[in-house]
Amino acid sequence: KQEVTQIPAALSVPEGENLVLNCSFTDSAIYNLQWFRQDPGKGLTSLLLIQSSQREQTSGRLNASLDKSSGRSTLYIAASQPGDSATYLCAVKRGSTLGRLYFGRGTQLTVWP
Amino acid sequence: DGGITQSPKYLFRKEGQNVTLSCEQNLNHDAMYWYRQDPGQGLRLIYYSQIVNDFQKGDIAEGYSVSREKKESFPLTVTSAQKNPTAFYLCASSPSGGELFFGEGSRLTVL
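In order, the protein sequence lines correspond to chains A and B.
Residues 40 to 152 (my numbering) make up the first sequence, in order.
Residues 3 to 113 (my numbering) make up the second sequence, in order.
Nothing false has been slipped in among the hints.
Reference listing, derived: stretches of chain B covered by chain A, where coverage requires no fewer than 3 residues with Cβ under 8 angstroms from a Cβ of chain A: (1) 44-54; (2) 95-107.
Derived pair list, reagent style DSS-like, types lysine-lysine, alpha-carbon separation capped at 25 angstroms: (3) B/Lys-72 - B/Lys-59; (4) B/Lys-59 - B/Lys-85; (5) A/Lys-40 - B/Lys-59; (6) B/Lys-11 - B/Lys-59; (7) B/Lys-11 - A/Lys-81; (8) B/Lys-73 - B/Lys-11.
In short, the hints are calculated from the structure, not lab data.
Just so you know, even glycine gets a beta-carbon here, dropped at the ideal spot from N, CA and C.
For reference, chain B alone in the conformation it holds in the complex:
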């Protein structure tokens, strides 16, 4: 079935560690996005990519990094520079100008 797969669903990290969240889509969408969701804050855009090998910072890019080497993959690395990384992370994709579809999310907890 076509869709967006995020892994892992749950992730625990010790302070000072980098972690990478995976996002894969088989919808042949050009654009991919990473959002962070915190209680009471709504969705905030971390990074987005409109095309392979290109990406732009969103509103809260500090402490995060991404790559877009393949059309179907857009991994997000949460670095040790991110001060408060505990959150629910959502990956999304869309055709150019079209409807946005989301994965099921990854919940990161820093111990």
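For reference, chain A alone in the conformation it holds in the complex:
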């Protein structure tokens, strides 16, 4: 069974800092990895999808990297803003198009002005 761990569980930073959120997984036979954002009481919003053959994906101030061999992904947020405050979750899809996803418990990020 795939285990997904996110560290830290919570993070509080001042506005403007660059920060890194970590995601680790136990089984390297993944199909893809996806990062999500969740605001309180809302559904999840997809941020970035990295296929197993890719090393990184970028969208605006977000950059996600994937190292399958070490079972790790990082989400880098540049120049953080208060609007970035949310819970960030990563999910790993097992080794085929029909594989199910396994979620981490998330990192709760607070960016203060």
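Once you have looked at the hints, place chain B on chain A.
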């Protein structure tokens, strides 16, 4: 606009009642999923369906039932057999092997 619609957003149920949560998508996605989210527990998979008229149990299927009669619809019934149904329920869909998209969720409270 394309997306996933969950209804109702809030639902109250008396003990012993069955309730059905609706999930509709107009993204033409093959796969649909139901997750349950509890504080401190993360997302747990209830049921998923890769194709019409077929679905599989997830990690916590007991006390729940689903159907997939149409590609765009995947309703979830919370039965009276579910011992602790108060939770936030999330529906999601994806193209085969592709990016997962979520609805806004339904919050069920048992009185």
